[in-house]
Structure formats: C-alpha cells, structure tokens
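K.L.:
Following the hints, complete the assembly by docking chain B onto the known chain A.
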Amino acid sequence: MIETSYIYGLIGGLIIGIAAALYLLGNGRVMGASGIIGGLVDGSAGHDRRDQFIFVLGLILVPWLVILSFDLAPKTNITSNPVIIVAAGLLVGFGARVANGCTSGHGVCGISRLSPRGIVATLFYLFSGGVSVLLFKHILGVI
Amino acid sequence: MRAVIALTSGGLFGLGLLISGMVDTNRVQGWLDIFGDWDPTLAFVLGGAIIPMFFAWRLADGGRTPRAGGMFPPRPNQKISPELAIGSLIFGAGWGLAGLCPGPSLASLTFGGWEGLLFLAAMIVGMLMAVPVKRMRASTT
Numbered sequence: 000m001i002e003t004s005y006i007y008g009l010i011g012g013l014i015i016g017i018a019a020a021l022y023l024l025g026n027g028r029v030m031g032a033s034g035i036i037g038g039l040v041d042g043s044a045g046h047d048r049r050d051q052f053i054f055v056l057g058l059i060l061v062p063w064l065v066i067l068s069f070d071l072a073p074k075t076n077i078t079s080n081p082v083i084i085v086a087a088g089l090l091v092g093f094g095a096r097v098a099n100g101c102t103s104g105h106g107v108c109g110i111s112r113l114s115p116r117g118i119v120a121t122l123f124y125l126f127s128g129g130v131s132v133l134l135f136k137h138i139l140g141v142i
Numbered sequence: 000m001r002a003v004i005a006l007t008s009g010g011l012f013g014l015g016l017l018i019s020g021m022v023d024t025n026r027v028q029g030w031l032d033i034f035g036d037w038d039p040t041l042a043f044v045l046g047g048a049i050i051p052m053f054f055a056w057r058l059a060d061g062g063r064t065p066r067a068g069g070m071f072p073p074r075p076n077q078k079i080s081p082e083l084a085i086g087s088l089i090f091g092a093g094w095g096l097a098g099l100c101p102g103p104s105l106a107s108l109t110f111g112g113w114e115g116l117l118f119l120a121a122m123i124v125g126m127l128m129a130v131p132v133k134r135m136r137a138s139t140t
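First to last, the protein sequences are chains A and B. If you count by numbering that gives the first Met the number 0, then the first sequence holds residues 0 to 142, one letter each, in order. If you count by numbering that gives the first Met the number 0, then the second sequence holds residues 0 to 140, one letter each, in order.
Isolated chain A (complex conformation) (with noise of 0.2 Å):
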C-alpha cells in the first residue's frame, strides 16, 4: 500500500536532489548543510561566506514564505524536554562536523557519488540512530 507521505517524501526528495545538483553544477560546491552551517559559525568557510549565508537565508526563508502563502501549520513535534534538545543538539553539531557531513553531504551528496565515505558514514549514522530510538524510546521511555 501506497501512504500519501511516502508520494511526499519522494517528490520532496527529489526537491532536494535539485537543489543539490543546481549548487553543485552552478557554484561547484557539495551541498552540505553541517559544512555549511560550521562553515560560517567557525570561520572556515572563508570566501564562500557570502553565498553560504545566501544559502542559509534561503533555507530558512522559503518554508516561512510558503507556510505563509497557503496558510500551512507545520509542527516539528520536537520534544519540549529541554536537556534532550540540548543534548542532541550538541551530539548533532559536534558529531556531524568531526565526520564533515550529515545527511545531505554524506547521505544524498556522497552516495550519489558512489563515495564510499558517504556510503559508510551513512550506515553508522543509520545504526547509531537506530540505537539511539531503540535506547532512548523503548528501554529508557524517555522519549
């Protein structure tokens, strides 16, 4: 059976593809969200900085004007626990950068390469993810 999210899922993904290869044939650049993101926060982007932050106000901008626009009410569902959200967040930013990518630079930038830095960061991410639900959510019940 066919769920609606996942004709959602596909359409949106291929968004995301597009978006990938039009910085990757326009500008030359991976799109990374973590090496984008730490790339401007430390300093490392050097003379990337502009279009970098150009690429941020996009991200960040479009879904607010499309949400706007067909009067859309998007929920994160993000847990409202505090020391869970920081922990994560510090796991997320510090983990993401010491491996130099996520799931947009290894995950759809690296495996479409067939690299296979991609390729196997990509599976312990998945794994420790799994771990993490299975952790956190069936034996600890935290969230």
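Simulated from the structure, these hints should not be mistaken for lab results. Owing to the predicted nature of the structure, the values given are computational and were not obtained by experimental measurement. Wrong hints could be hidden among the right ones.
[Stated by the list, open to error] Now the in silico label distances, taken between C-beta atoms and shown as ranges:
(1) W113/B x D70/A: 20 to 28 Å
(2) D70/A x D60/B: 41 to 49 Å
(3) R57/B x I6/A: 23 to 31 Å
(4) V130/B x S79/A: 27 to 35 Å
(5) G69/B x P115/A: 23 to 31 Å
[Claimed, not checked] Straight line, CA to CA, 16 Å or less: simulated EDC-like cross-link-like pairs of lysine to aspartate or glutamate:
(6) K133/B x D41/A
(7) K133/B x E82/B
(8) K136/A x D36/B
(9) K136/A x E82/B
[As the list claims (entries may be wrong)] To be clear about the criterion: a stretch of chain B counts as covered by chain A if any three or more of its residues have a C-beta under 8 Å from a C-beta of chain A, and this derived list gives those stretches:
(10) 23 to 37
(11) 47 to 60
(12) 87 to 96
(13) 108 to 116
(14) 120 to 128
No residue lacks a Cβ here, since even glycine has one placed at the ideal position from N, Cα and C.
P.N.:
Relative to the frame of chain A, chain B by itself:
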C-alpha cells in the same frame, strides 16, 4: 550569479525538506524506529534526492566546469578515517534522540518554536566544540 544560485538552491532545499516531512521529528524517529512502528518514508526522500544528484555528479566528473566558474570539488581523500566513523556514530545518536539534523533545523526555524531555536543553538555550540578536535587530528596526520 553565485548569489542567485545559492539563494535558489537554499530555497529549494528548504522547500524539499518541508514537503518531504524531514522537518517532522516524528517521521524521522519513525524511520529510525525499526523495532517499533517503522515508517519507511525517509527511504523515499533519500532515494528521490539521490536521483538528480547521481546525474549531476556524472556531469561534474565528466570534465566540465561549474556554470558560475571555479572548479568542481575534487574527490575527497577516500580513506575511511576513525573520525568519519566516530563522528557519524555521535551524529546519529543525536539525530535519533531529537529527530532533527542540520538542514531541517534551519528549514523549520520560523515555525519550530523555542525548542527549535534551542536545538540550533546547542548544535552550533557542538560544531564549535569540534573545531579543536579537527585541528588536533589535522596536525597529527
């Protein structure tokens, strides 16, 4: 030209994240919840995103140059380093814990409430904490 491409690409990325459900932490955690009520939606997201990029890399690796000038990124060092594995394990643990990763944390910033802002702030602190680790590793290899 570069700025227009960056704005368009960032905007499309945000639109895709919104439509696909990547900004919904329940959907992300549902995808990672293989022992619970597993939600395969993210496989469609990743699969969909890989298709255009597969062709883009074939063009990029075929000896062309980027439209706005410059060079394509070279293939990175192919070594599977300890930081690639350990960093990815740490990243995945946080991704499962809250259901957010860097792209969706920005795409959902205008509607994610204080929780989204707090996540982004903590993520930025985590990124800054990685700087000395990266520097130390760079000097020893």
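K.L.:
Hint by hint, note whether the structure agrees.
P.N.:
Against the structure, the hints:
no.: 1; hint: W113/B x D70/A: 20 to 28 Å; in the structure: holds (23 Å)
no.: 2; hint: D70/A x D60/B: 41 to 49 Å; in the structure: holds (43 Å)
no.: 3; hint: R57/B x I6/A: 23 to 31 Å; in the structure: holds (27 Å)
no.: 4; hint: V130/B x S79/A: 27 to 35 Å; in the structure: holds (30 Å)
no.: 5; hint: G69/B x P115/A: 23 to 31 Å; in the structure: holds (25 Å)
no.: 6; hint: K133/B x D41/A; in the structure: holds (12 Å)
no.: 7; hint: K133/B x E82/B; in the structure: holds (9 Å)
no.: 8; hint: K136/A x D36/B; in the structure: holds (12 Å)
no.: 9; hint: K136/A x E82/B; in the structure: violated (27 Å)
no.: 10; hint: 23 to 37; in the structure: holds (count 10)
no.: 11; hint: 47 to 60; in the structure: holds (count 13)
no.: 12; hint: 87 to 96; in the structure: holds (count 10)
no.: 13; hint: 108 to 116; in the structure: holds (count 7)
no.: 14; hint: 120 to 128; in the structure: holds (count 9)
Hint compliance for this structure: hint 9 alone is broken.
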